[in-house]
Amino acid sequence: MAAYDEMLTADKTRRKHYQRYGEWLDTQSADVISRRRAEADSLFHRVGITFAVYGEDEGTERLIPFDVVPRVMAADEWRLLETGLKQRVRALNAFLHDVYHEQEILKAGVIPAEVILCNTQYRPEMQDIDVPGGIYAHIAGVDVVRDGAGTFRVLEDNLRVPSGVSYMLENRKVMMRLFPELFAAHPVAPVEHYPDVLLENLRSVAPVGVKEPVVALLTPGAHNSAYFEHAFLAQQMGIELVEGQDLFVRDDSVYMRTTMGPRRVDVIYRRIDDDFLDPLAFRPDSLLGVPGLLSAYRAGRVTIANAIGTGIADDKSIYPYVPDMVRFYLGEEASLKNVETYILRRPEDLAYTLAHLPELVVKEVHGAGGYGMLIGPTSTAAEIEEFRHRILANPSNYIAQPTLALSTCPTFVEQGLAPRHIDLRPYVLSGRDITIVPGGLTRVALRQGSLVVNSSQGGGTKDTWVLEQ
Amino acid sequence: MLSRTADHLYWMSRQTERAENLARMLDVHYRHSLLPHTPEDFERQWTATLSSLGQLESFQSAYGTLTTANAFNYLAFDRENPGSIVSCLGAARENARAVRGSITSEMWETLNTTWLDMRKSTSRSAPAIGPFLEWVRYRAHLSRGVTLGTMLRDDAFQFTRLGTFLEGADGTARMLLARAQPGMELIDNATVPDSYAWTLLLRSLSAFEVYRKVYRGAVTPRRVAELLILRDDLPRSLHRCMQELHANLKLVGNEGSDETARRCGALYSSLRYGRIDDLSAQGLNVYLNQFLVTLADLSWRIARDFLLPATVY
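Protein sequences appear in the order of chains A and B. So for the first sequence, my numbering puts the first residue at 113; every next one is plus one. So for the second sequence, my numbering puts the first residue at 2; every next one is plus one.
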């Protein structure tokens, strides 16, 4: 199926919400645009929005390529997406609460119990622990794509430590600096208040009885590739950026080591995976975490965001059941669709998949970053046969999906303006309410025909505009 | 604030200040190298500078022969030498990066740009030393300006200032030390053989014009020492640096830091109420060496009291 073009309709006229931008673009020379692109690069370098490249010359820092053509969304498109995302995240939080308490959804047989209880992402340590407000996924970075018909579909719910929001904020800053005239001409919904909403949410989930909660952001440290984002968010929220070594636990309370002595911490916005949080409870070799943190958490003396154990809700083997969760907990139909998914533990799905391998994408349920994956259309017959054996050896370890034609957006590449595939990661914040800052991070696959938007594999980013009317 | 954050801020400003001091020190040599001089002069001066920095032995084992090119390279551009200008600027930037959330974006961008530009200009071969030293001083002015002009006057600022003035006092003392031969008398007479060297020292510390304004007379070792040690109104004098160190130390004081504050106060008082006659009687070289020992003790105490709380809770 042909990809949906965000800017142009099938008969090559501009969509309404791209009209004004298109008119402006027509008046710009290639020279001006390329100068502004160079300016953008130097801005990113100066601000230090770079990621470290491991194993290269000491001090090598790279930019994630930034494309100056924005991804524009019309107000009604956004409303649709916003409603669907809120509904979805509400259901996911309800699911997490249920899984770690009564497990009604398992008792009702909506999700097979062994899919949950035998999953490494299920954390028995969390069973019967009450978390403030019943919120587990305070920050969700839901990956949304558009299929050939232009319908939004969720590709992945990232509920552990989703990253990238600093690019959403910095991309906007750079765009406003480079093209102020465009913002004067377009009612682009602002995103700058994201850190305020995040801080407010984090404060609202402090342990009961804490009046002026102290919030800290826990980072693995300056050598982590997302360190820029950690430092940036801590600064924007005016909270301490702490490493494991800065914290300690005494009498089930968490303290920071400060120049004035120990200071209590009430809420930890952690950017470290569960496994590394507490060497006494999880990986004993972790130097990044805080010994005793889990015990303080279980005692309700500190809130951890996102909660421990959220991985059970964004696991690939759970993903196909999200629409069922919406129905089960909210009594509604999911307004945001999943990508059609075949669960290979089901005999009929397995049979279909084995018969259609050359046109499907098959994923290992616990795999990430493109490992343990078969992309049928670009694989050789031998590779497909090899994968067939792996599937047959353990069908429940796999899911399969049709190969999606992600939507495209015009992008500046060496040859000039050309369509490239994109996705979108909006950030859904749950506190007293669910809030989504209009927009998100648009990632773009810069190689022609490529569907891989990951920055590690040649992906770039774009500013995302939600028009207010 | 977090002890680790305070530690990074303190070292960020110390390394920035150290790079500036090195540039000022090397500037004396650069200006010297443009004047007629004997090989003995040359060797004596470089040896004095390297030993005042405590780097004579490490230089000799790394380079062997003492040439102007070697010495400049070692102290300005050598990435292997943790005490070179490029290493200091790199360390300052790494410290800033670790606490970029605690400093203003403008400060971070200034330190980061310094580092990026430095990498660009020194990546292939060493640039001309004169313009490079000038550039380092220019970037130091920017760093100082952006710190004073943008930072909230909170404990982050105070720890930054602690680093600046501790290193500032250290640098001025070492530059004087490089000129103060053991047993040298502080003559108040312009006809001393190396009076030009004292003028260069003043210029490198941006104090020559100040000297003229204050003394309106010939440059003599005694007055130079008085200006650089005892004047309270010269920004880089020992008196001034210790005054600032003492004031900032009082502001960040905690339960365990009284003794450190007392020692700092005692050193500051000795400068505030000291006289050049007493100092001269003691001998400039002896005085400066003792000053550096006291300063090192303060530096160790600041680290212990604030930056690396060793207490096991």
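No lab work stands behind these hints, which were simulated from the structure alone. The beta-carbon is built from N, C-alpha and C at its ideal position, and this holds for glycine as well. Please note: incorrect hints may appear among the correct ones.
Claimed, not checked - Straight line, CA to CA, 25 Å or less: simulated SDA-like cross-link-like pairs of lysine to any residue: (1) B/Lys-121 <-> A/Lys-449; (2) B/Lys-121 <-> A/Asp-427; (3) A/Lys-428 <-> A/Gly-373; (4) A/Lys-285 <-> B/Thr-66; (5) B/Lys-121 <-> A/Pro-177; (6) B/Lys-121 <-> A/Gly-373; (7) A/Lys-285 <-> B/Ser-271; (8) A/Lys-285 <-> B/Met-152; (9) B/Lys-121 <-> A/Gly-245; (10) A/Lys-219 <-> A/Asp-427; (11) B/Lys-251 <-> B/Gly-146; (12) B/Lys-121 <-> A/Arg-457; (13) B/Lys-121 <-> A/Phe-156; (14) B/Lys-121 <-> A/Asp-153; (15) B/Lys-121 <-> A/Ala-150; (16) A/Lys-285 <-> B/Glu-110; (17) B/Lys-251 <-> A/Pro-307; (18) B/Lys-214 <-> B/Tyr-197; (19) A/Lys-285 <-> B/Ser-106; (20) A/Lys-285 <-> B/Gly-150; (21) B/Lys-251 <-> A/Gly-373; (22) B/Lys-121 <-> A/Lys-219; (23) B/Lys-121 <-> A/Ser-154; (24) B/Lys-121 <-> A/Arg-174; (25) B/Lys-121 <-> A/Glu-151; (26) B/Lys-121 <-> A/Leu-155; (27) B/Lys-121 <-> A/Ile-503.
What the hints assert, rightly or not - Just some of the chain A residues that point at chain B, by a computed CB distance under 7 Å: (28) Arg-158; (29) Gly-160; (30) Ala-338; (31) Ala-343; (32) Gly-350; (33) Thr-370; (34) Thr-371.
Unchecked claim - Computed footprint of chain A on chain B; a stretch qualifies when at least three of its residues, placed anywhere within it, have a C-beta under 8 Å from a C-beta of chain A: (35) 97–105; (36) 110–119.
Straight-line Cα separation of B/Lys-121 and A/Ala-150 no greater than 25 Å?
-> Holds, because 17 Å separates the two Cα atoms, which is no more than 25 Å.
Taking 25 Å as the top limit, are the C-alpha atoms of B/Lys-251 and A/Gly-373 close enough?
-> Since the Cα atoms of B/Lys-251 and A/Gly-373 sit roughly 16 Å apart, the hinted pair holds (cutoff 25 Å).
With 7 Å as the cut and Cβ atoms as the points, is A/Thr-371 at the interface with chain B?
-> Result: holds, 5 Å to nearest chain B Cβ.
Pair hint outcome, A/Lys-285 versus B/Thr-66 [Cα-Cα no greater than 25 Å] | With Cα atoms ~53 Å apart, A/Lys-285 and B/Thr-66 exceed 25 Å; violated.
With a cut-off of 25 Å on the C-alpha distance, tell me whether B/Lys-121 and A/Phe-156 pass.
-> Distance of about 17 Å is within 25 Å: holds.
Would the pair B/Lys-214 and B/Tyr-197 pass a check requiring their Cα atoms to be no farther apart than 25 Å?
-> 18 Å, holds
Grab the minimum C-beta distance from A/Gly-350 to chain B and call the hint holds if it beats 7 Å, violated otherwise.
-> Violated. Min distance 9 Å.
Does the structure keep A/Lys-285 and B/Gly-150 at a Cα separation of 25 Å or less?
-> 23 Å, holds
Do the numbers back the hint for A/Gly-160, that is, is its least Cβ distance to chain B under 7 Å?
-> 5 Å, holds
Given the proposed pairing of B/Lys-121 with A/Glu-151, does the C-alpha separation stay at or below 25 Å?
-> Measuring from Cα to Cα gives roughly 18 Å; hence the hint holds.
Interface hint compliance - A/Arg-158 to chain B, C-beta minimum distance less than 7 Å = Check passed: Cβ of A/Arg-158 comes within 5 Å of chain B, closer than 7 Å.
For the pair we were handed, B/Lys-121 and A/Ile-503, check the Cα-Cα distance against 25 Å.
-> 52 Å, violated
In this structure, the hints that do not hold are numbers 1, 2, 3, 4, 6, 7, 9, 12, 17, 22, 27, 30, 32, in rising order.
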